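Protein chains in written order, with the numbering used here: chain P, 1 to 639; chain V, 1001 to 1497.
For the record, the hints were derived by calculation from the structure and aren't laboratory data.
All figures in this text were calculated on a predicted structure; none of them were measured in a lab.
Just to be clear, a hint being listed does not mean it is correct.
[What the hints assert, rightly or not] Simulated DEER-style distance windows between Cβ atoms: (1) G201(P) with F1280(V): 49 to 57 Å; (2) W1478(V) with S476(P): 39 to 47 Å; (3) A38(P) with F1020(V): 34 to 42 Å; (4) N2(P) with T1359(V): 53 to 61 Å; (5) P1207(V) with N571(P): 40 to 48 Å; (6) N587(P) with F1280(V): 23 to 31 Å; (7) I1283(V) with A626(P): 47 to 55 Å; (8) D617(P) with F1181(V): 30 to 38 Å; (9) T72(P) with G1191(V): 50 to 58 Å.
Every residue, glycine too, gets a C-beta built ideally from N, C-alpha and C.
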Amino acid sequence: MNVSYTIAIPLIPLAVFLVLGIFNQKIKPAVSGYIGVAGLLTSAILSYYTAFQYYFIHGKEDGVFQTFVEKTNWMSFTETLHIDMGVLIDPISVMMLIVVSTVSLMVHIYSRGYMKGDDGYTKFFAYLSLFSFSMFGLVLATNLFQIYIFWELVGVSSFLLIGYYYTKPSAVAAAKKAFIVTRFADFGFLIGILIIGYYTGTYDFQTLTNPEGSIIANWASGSFMGLSILTWALILIFMGGAGKSAMFPLHIWLPDAMEGPTPVSALIHAATMVVAGVYLVARLFPMYYFVEDGFALNIVAYVGAFSSLFAAIIAVTQTDIKRVLAFSTMSQIGYMMLALGVSGYEGHEGVGYMASMFHLFTHAMFKALLFLGAGSVIHAVHSNYLQDMGGLHKYMKITSITFLIAALTISGFPFTSGFFSKDEILVAAFEHNKLIYGIGVFVAGLTAFYMFRLYFGIFWGKNTKYEHTPHESPLSMTFPLMVLAFLSIATGYTHFSEYVSPDKMGFETHLDVKLAIVATSVGLIGIALAAVFYFKPNNLSDRFAHAFGSFYKWTYDKFYFDEIYLFVTRNILFKGVAASAAWFDRNVVDASMNLIGNSTVLASQKIKKLQSGRFQDYAFAFVGGAVVLALVFIYLWTN
Amino acid sequence: MDILSLFVIVPILTILALVFTKDLKQARLVSMIGSIIQLAMAINLVFAYFKERAVNDSIMVFTKDLLWFKNFNIHYTIGVDGISVSLILLTSIVVLAGVFISWKMKDLPKEFFISLIVLSTGVYGFFISIDLFTMFVFYEIAVIPMYLLIGIWGSGPKEYSAMKLTLMLMGASAVLMIGIFGIYFNSNADGGPLTFNILEIAQVNIPFEAQKLFFPFAFIGFAVIGALFPFHTWSPDGHASAPTAVSMLHAGVLMKLGGYGVFRVAMFLLPEGTQHWSWFFIILAAFGVIYGAFSAIRQTDLKYINAYSSVSHLGMVLFALLMLNKTAWNGAILQSLSHGLMTALFFALIGMIYERTHTRDITKLGGLLKVIPFISAIYVIAGLASLGLPGFSGFVAEMNIFVGAFEHEDLFRRIATIVSVSAIVVTAVYILRVVGIMLMGPVKNEEYLSLPKAQWYEKLGALLLLIPITGMGVAPLWLSDIIYESLQPFIQGVLPY
Chain P
1 MNVSYTIAIP
11 LIPLAVFLVL
21 GIFNQKIKPA
31 VSGYIGVAGL
41 LTSAILSYYT
51 AFQYYFIHGK
61 EDGVFQTFVE
71 KTNWMSFTET
81 LHIDMGVLID
91 PISVMMLIVV
101 STVSLMVHIY
111 SRGYMKGDDG
121 YTKFFAYLSL
131 FSFSMFGLVL
141 ATNLFQIYIF
151 WELVGVSSFL
161 LIGYYYTKPS
171 AVAAAKKAFI
181 VTRFADFGFL
191 IGILIIGYYT
201 GTYDFQTLTN
211 PEGSIIANWA
221 SGSFMGLSIL
231 TWALILIFMG
241 GAGKSAMFPL
251 HIWLPDAMEG
261 PTPVSALIHA
271 ATMVVAGVYL
281 VARLFPMYYF
291 VEDGFALNIV
301 AYVGAFSSLF
311 AAIIAVTQTD
321 IKRVLAFSTM
331 SQIGYMMLAL
341 GVSGYEGHEG
351 VGYMASMFHL
361 FTHAMFKALL
371 FLGAGSVIHA
381 VHSNYLQDMG
391 GLHKYMKITS
401 ITFLIAALTI
411 SGFPFTSGFF
421 SKDEILVAAF
431 EHNKLIYGIG
441 VFVAGLTAFY
451 MFRLYFGIFW
461 GKNTKYEHTP
471 HESPLSMTFP
481 LMVLAFLSIA
491 TGYTHFSEYV
501 SPDKMGFETH
511 LDVKLAIVAT
521 SVGLIGIALA
531 AVFYFKPNNL
541 SDRFAHAFGS
551 FYKWTYDKFY
561 FDEIYLFVTR
571 NILFKGVAAS
581 AAWFDRNVVD
591 ASMNLIGNST
601 VLASQKIKKL
611 QSGRFQDYAF
621 AFVGGAVVLA
631 LVFIYLWTN
Chain V
1001 MDILSLFVIV
1011 PILTILALVF
1021 TKDLKQARLV
1031 SMIGSIIQLA
1041 MAINLVFAYF
1051 KERAVNDSIM
1061 VFTKDLLWFK
1071 NFNIHYTIGV
1081 DGISVSLILL
1091 TSIVVLAGVF
1101 ISWKMKDLPK
1111 EFFISLIVLS
1121 TGVYGFFISI
1131 DLFTMFVFYE
1141 IAVIPMYLLI
1151 GIWGSGPKEY
1161 SAMKLTLMLM
1171 GASAVLMIGI
1181 FGIYFNSNAD
1191 GGPLTFNILE
1201 IAQVNIPFEA
1211 QKLFFPFAFI
1221 GFAVIGALFP
1231 FHTWSPDGHA
1241 SAPTAVSMLH
1251 AGVLMKLGGY
1261 GVFRVAMFLL
1271 PEGTQHWSWF
1281 FIILAAFGVI
1291 YGAFSAIRQT
1301 DLKYINAYSS
1311 VSHLGMVLFA
1321 LLMLNKTAWN
1331 GAILQSLSHG
1341 LMTALFFALI
1351 GMIYERTHTR
1361 DITKLGGLLK
1371 VIPFISAIYV
1381 IAGLASLGLP
1391 GFSGFVAEMN
1401 IFVGAFEHED
1411 LFRRIATIVS
1421 VSAIVVTAVY
1431 ILRVVGIMLM
1441 GPVKNEEYLS
1451 LPKAQWYEKL
1461 GALLLLIPIT
1471 GMGVAPLWLS
1481 DIIYESLQPF
1491 IQGVLPY
């Protein structure tokens, strides 16, 4: 299969970005919207074409999905070590192409309505295209360094888009925070890459992840502090992934990132960029699985499980609807991570890996839908807070129905896509680790609860009096909602496991009825509880909040992680290290240089009195000197 | 006339022409024409170099030799390799950009442009010399006009800064001179005549004792201008007081003389000294990388931020040189070029902002993105380039350095490497701090709403620097091609020890 044309998928958005960026002032907003959508549409069509060709026609050979690579040398470090740029087509990269192009296209269309009348309309579309370019590049990366390059580029697009409303101090702070926290994580990622490059001599994914290859076979060749060096590298690389995917404890940037325009939150901070960490681990999965019997993979599992629980708890108490969704995203990504973490490799053993990718796929659709729905609501009531909403189902039929579908999907309601993908995750967890399974089930209940708290709180509950009667959003915004609602259900019926599995052979899956019943009932209990609390206005929730007392407060304040980080950065790094470095530089280093200068001046002032200009002084010095010299010579002579 | 001497002659002719100019308009026109010719010559040199290199595999090409002072065997010997060619190209770009940025120079324009061109003459001469003495002379020619440029056209405590900068660099020159004479007087170790010629000295086995003794002199003598910790303190004060174009030239080009000299003289001629002392200077350089970055976090004056940032970035150059392998060296040269372009761009932008708002205190500025979008947007891009974003030159350079540095397995160099890598985080902090406070946020001062937009000459100057930054970042291969070949003699000369 010739895949060289897929290079156009990232390059088209790049061209759009350059055109919109350079001719920013000269292009009419309406036109730039069309250019953006047209560019992405082309990329999307190419992606679908690739997916069709790959999955159904040319991809499989002897029952195994092939990997197609097209690459060129971009920069050489040494004779053997170099960075390639290119495209790599395999089951997961094609799946990601579909995810990214679909969601990005929907977000582009939606933004034409949502951002209408905004000053920076053209700039917004330029940034969106920049992001799409970077994300496509990340997905198609052929080697670790290429993925790192695009990893940084999605990071900077995220920075630009979070800080899109740059006159708002909170948006600026959030953008900075997101960039710096992920940069810190990337520091680990980079060290991991350097280790891999040095000890294995390649960055190439195909060589690295070949399960029969020498790199995996020789994982034990070097060790450091009791662990194999490759394990260290994988842990550090996972640090990068955890930063991008907002895993505990590097999650603090994601809630704040909601300062960006809502379409951005849907695209970057829900569906695509934040799952890059999951994608990275999946990309290197054979390494994670085989090196040191999956030591690093266990870390992935536990970090994922803990994050999913931690975030779900916080989500219950938040009142900013976008932040609820942000914590929900973190929680669902935790799900994907834990599924990867408990996965095996061959045949049906690989169900965790498959489930993780499946959930990534379905999650992208329904989470984008949730965000875009929330955006539609915010567009109508001009507020992010639950307090200002309620009873909106009367005014916004389409938004309300599509939001309900998304909420049901994320809660794992039977026969939605979330039901299928979550079921597979729980199957994988059940088979490998009961503790993680328990956490998974509990989180499923919590998810259903907070999601319906949100749904009832926005569309039902109290009958808020609005100053301006809210009305349904324009078609440009509701159309993507309807498409995504359809996809939220339909994606569940793809025979996902036949296409994506760690050994690339595909396998059959069947619904595990027992586990499905457990998960579904837990989900229904969550929904029922939410209905009791929030469907009709009442003070039950306040009483409960009161009963939980300080725990509620801790949860509401996100367990004070922001404060801890703030303390470390502000008081220790800024005031401690940076301020003392600056002080030291001025008062010690520079002062000692000045001291040298000043003492020279001082010394010369003392010495210059010798040059008095009076004849007697010179004569005295001359005679005195001569006498001293004579004495010295006589002394030396006589001895 | 040979292709290299023109780089000294054209500036001299420009200066002669400048003497006869009457006002700003004529002076800047003449300077612009002179600088454009230089840029054209530099680009031509790159192509000529490629052509020559294909048929000529000696260390230096386009060599010329004139006896200058017979008693001490001092020659005017010139020649270039890929490293000097790339630095000459950098110089010509920065000089032209500097002329554009000084388009509206008010006080004594003629004298200003003359001093500027004198400075560039020294730099060109330095890069083409392969005779230590001639090199040293050109070095002084480049340094001395700084005193006038800062003392006369500077701002703030300019006399103090000019004095400090000049004295520290002169002090370094004295140290350097000891180093150079140390090398010179040992250049007959194999029985030949005393010589200043670098290529000839490189063939001589200078006794280990002498190498050990003189390496620190040669190294520190050059490294002071390369802002080696703790000898960097002339730089923040000097830059803060210097006029825009001078800061650009000084940080962009002059500070590169440090790394170049360290590499070409101290390390190339004293390989055993390098091995012996490298651990000590690795500590200083790696510490400087992180120390400069942390110091930059707390500054409020834009020029101080950029000066400390230079300490950090140039610390990386020295660090990479001392890592003693091809990849790291390649990274060091790329980092020199990259930093030269970026820092010149920063100083140009700072100058534009200062000219409009009359302050460089970031706490007094805010929301500039709204009022001067072009300048601010370029500032953001320069910032992103500076923090090593892929697609810009800094990334390419840093990755070469890190990958090269990682080739050492011993714990000491590992730690030094990781410390240097951690600078990517700290750099992001101070860059985004400036972007956040100064460019984003609400407009702090009502008066700023009516600030004039960027003029054509300002845009031209900025783009002239930005385009190569992006070019290096997107297509790094062709530059590495120039440099890589020229590292071979260093590998044969320095590494075996």
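These are the hints, each one checked on the structure:
At roughly 31 Å, the beta-carbon separation of G201(P) and F1280(V) lies outside the given 49 to 57 Å, and the hint is violated. For W1478(V) and S476(P), the Cβ-Cβ distance of about 45 Å falls inside the hinted range of 39 to 47 Å, so the restraint holds. A38(P) and F1020(V) have their C-beta atoms about 58 Å apart, which leaves the hinted 34 to 42 Å range violated. Checked against the given bound of 53 to 61 Å, the beta carbons of N2(P) and T1359(V), roughly 59 Å apart, stay inside it.
A C-beta distance of roughly 54 Å is found between P1207(V) and N571(P), which places it outside the suggested range of 40 to 48 Å. A C-beta distance of roughly 25 Å is found between N587(P) and F1280(V), which places it inside the suggested range of 23 to 31 Å. About 52 Å separates the C-beta atoms of I1283(V) and A626(P), a value consistent with the hinted range of 47 to 55 Å. A C-beta distance of roughly 36 Å is found between D617(P) and F1181(V), which places it inside the suggested range of 30 to 38 Å.
Checked against the hint of 50 to 58 Å, the pair T72(P) and G1191(V) passes, with Cβ atoms roughly 52 Å apart.
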